[in-house]
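Asker: Listed below are the residues making up each chain.
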Amino acid sequence: MPLVKRGRIVEDDYLRLVDDAAIPEDGAVLVSAKRLLASAGDSAQRVGATGVLWPNDRPIAELAPHLDRLAMVALGFPNFKDGRAYSQARILRERYRFRGELRATGQILRDQFLFLYRAGFDAFDVTKPADALVFAEAVSRYSGFYQPGESVSTLARRHMAAAE
Amino acid sequence: MTAPSQQKLKINGSAVVTANRLGDGAVVYRAAVGGWTTRLDAAAIVGTAAEASALLTEANADERQAVAAYVAPVALSGGHIEPANLRERIRLAGPTFALPASFGI
Amino acid sequence: MYVYDDFDRTLVAERVADFRDQVARRLAGELTEDEFKPLRLMNGVYLQLHAYMLRVAVPYGTLSSRQLRTLARIGRRYDRHYGHFTTRQNLQFNWIKLSDLPDAMAELAEAGLHGMQTSGNCVRNITTDQWAGVAPDEIEDPRVWAEILRRHSTLHPEFTFLPRKFKIAVTAAKRDRAAVRVHDIGLRLHKNAAGEAGFEVIVGGGLGRTPFIGKTIKPFLPKRDLLSYVEAILRVYNQYGRRDNIYKARIKILVHELGAEKFASEVEAEWLTIKDGALAIDPALVTAIASHFRYPRYAPLVDNPPELARARGNDAAFDTWFRNAVARHKAAGYAIVTLSLKPEGGPPGDATSDQMDAVADLADRYSAGEIRVGHEQNLVLPHVAQRDLHALWQALDAIGVATPNVGLVSDIISCPGLDYCSLANTRSIPVAQELTRRFRDLAAQRELGRLHINISGCINACGHHHVGHIGILGVEKNGEEFYQITLGGRADEEAELGALVGPAVPYAEVADMVEDVVAAYRELRAGPQELFIDTVKRIGVEPFKERVYAAR
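Residue numbers (the working numbering), protein chains in the order written: chain A, 1 to 164; chain B, 1 to 105; chain C, 1 to 552.
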């Protein structure tokens, strides 16, 4: 499933680790919530980036104390109609000021890109390759929305430009 | 008249598979010759749950033509196929009252 | 009326373009029905028994004459020359083609009309009092707040995939004409002891399979905090509403399962973290939104002008209609006129394209170009000078919208039922039609007084039968249509759910049964002044049950 960041398809740097695999010292790894919470007391800081796959039915408040160790949080959409992770994303960005990569995983379709983007996601594990190819166009469809915040076209332009 | 999506698949007598045409929503039936038809008398008739299930599977695979397919009961009388409940009668013939008419003012 | 600006127009136009692309991808097979269905629902496109249905949003029930003419035109060009006004102040077209929808929506968009969020698991049309802005008993125009909420909930990035649909209603008058106590969120704008205006926030009301009257979780919320508080409610619901069972997914179930107090404290905790952020409402924003609402410049007229008094004296039919369909206005010399869409034998709430055009012309001539849609499925002309009432009435009568049955027993509220709707168990419209024939005698109707009949063709309760004075619910038994009757429901500030009278009866008997209920009322009431709803409250349903089921 292609990963889209900054409007284009990129390699996924993160290695998805099963719970009983050893955590390598360097390299980016994606661990489960269970693993993350179990290793909370570990004093050794990894050299590489750590990301967590956080379930959509657990409060972000439980994740909050660990955010300073995390370069990436992946939130899930078991079905694109299950919108719980939109709230989780906004809480992460706005209440806890998480600045790392916020990745949308699960059933991620073209028609959700703009909602995801505006909710704070900046990396997208896109379900259909054809959708990944049109990401930039899909998020440019609307000039603006009623809700407070920057207009989407401004945001989108800055976001894509950052990749240049 | 329970919404068909809530029905368990069981056949009592004869049945057809019906759906709505994608482009315009018109009522259609899975045809005896394959594809979809608006004519009930050209519909494929099934008599067992297994046949119905197979026809429904075939119909659902053709969702570029028609959507929301389900199994609907029919009655066969004198070689003529008729809807076997009120819901299907209404789907075939339209609302049971005259639609509002313009009074040409 | 509400005047759109460039921002509104751009958003709607872009939405139409987006939907056009989605339809094209669906027709080309690039989207499955499963993927497409939520997208079309979010534009108000349903698949019904015979055809697609488009539900056009009428924000807080307000239409300009231009918009009404556009609806007439859409009905002619893409449908069967009529539309149906709903219990949520929207309009439905029943025969529209998916392939025509992008063009139809583009035409609607030119008049500022759309179907955005009239379906789907998102915040739906925000409804209010159809007399908003002109009712003598309101403290201010609730539509300003409905518009603030409409904007905030339109294409909201966080709340577009809720567990289920979400309905909000706002009232600002003493009499609640918006049924706020049976909505997911009901907002009652009122003044506190210190004379400040704020909102009572009521949550978890709703009809359907498990009806509830809403619970007040915040007796007084300052205006400034409206958006942040609603945001907090939606966020709690989005995260904790059930997603395992669509019959238990509304917020009313969450409120019921947690308990109102616990629910309120969850909302409070969330709200405290956001209340002073970007959602705090600046009075300048309120002024800006209010400026989008244009009110006519009322002439300095007097009540009961000679033209009116003369006409009432000379024309008995006009006088009858005046006493039934005309209500007091906050401006002296003006009136609020209700147009009955419940003619004898007609499907309740339907209007032909011809009628819509005619009403639009009359609105231009007599009502500053503005029309309202009420949740009782009638229309309103909100700015009529009393001296024009006789001329207006003659014109309304000529187009069949002056039946003087407003609020009376033949002013029936009904869902479309099995004749149209794929969710229905039974028909509802023919029951309504038969009842209008049984009660055709207008003098007899007046003698009965205010009496609301609500009919739903299935448990989803789109006819609001739970809150009907007489509620009729269609159920299926062994493939036959049966109907059960409840009594004593009401949707206003004293909202209550009706109580079942007895076992369901078949289609052939339901009109007889309603007549028997009404006959029982005549017999049991304390006097002609006692309304049906008050008789039921006084004596309960038992006496009705005895009489109605005696011969059955």
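To be clear, the hints were calculated from the coordinates, so they are not data collected in a lab. The structure presented is a predicted model; accordingly, all values stated were derived computationally and were not measured. A portion of the hints provided could be inaccurate.
As the list claims (entries may be wrong) - Going by beta-carbon spacing under 8 Å, a handful of chain B positions derived as facing chain C:
#, residue
1, L22
2, G23
3, V27
4, T57
5, V67
6, L76
7, P95
8, L99
Even glycine gets a Cβ: it sits at the ideal position worked out from N, Cα and C.
Asker: All the hints need checking, so say for each whether the structure fits it.
Answerer: Comparing the hints with the structure gives:
no.	hint	in the structure
1	L22	holds, 7 Å
2	G23	holds, 5 Å
3	V27	holds, 6 Å
4	T57	violated, 15 Å
5	V67	holds, 5 Å
6	L76	violated, 17 Å
7	P95	holds, 4 Å
8	L99	holds, 6 Å
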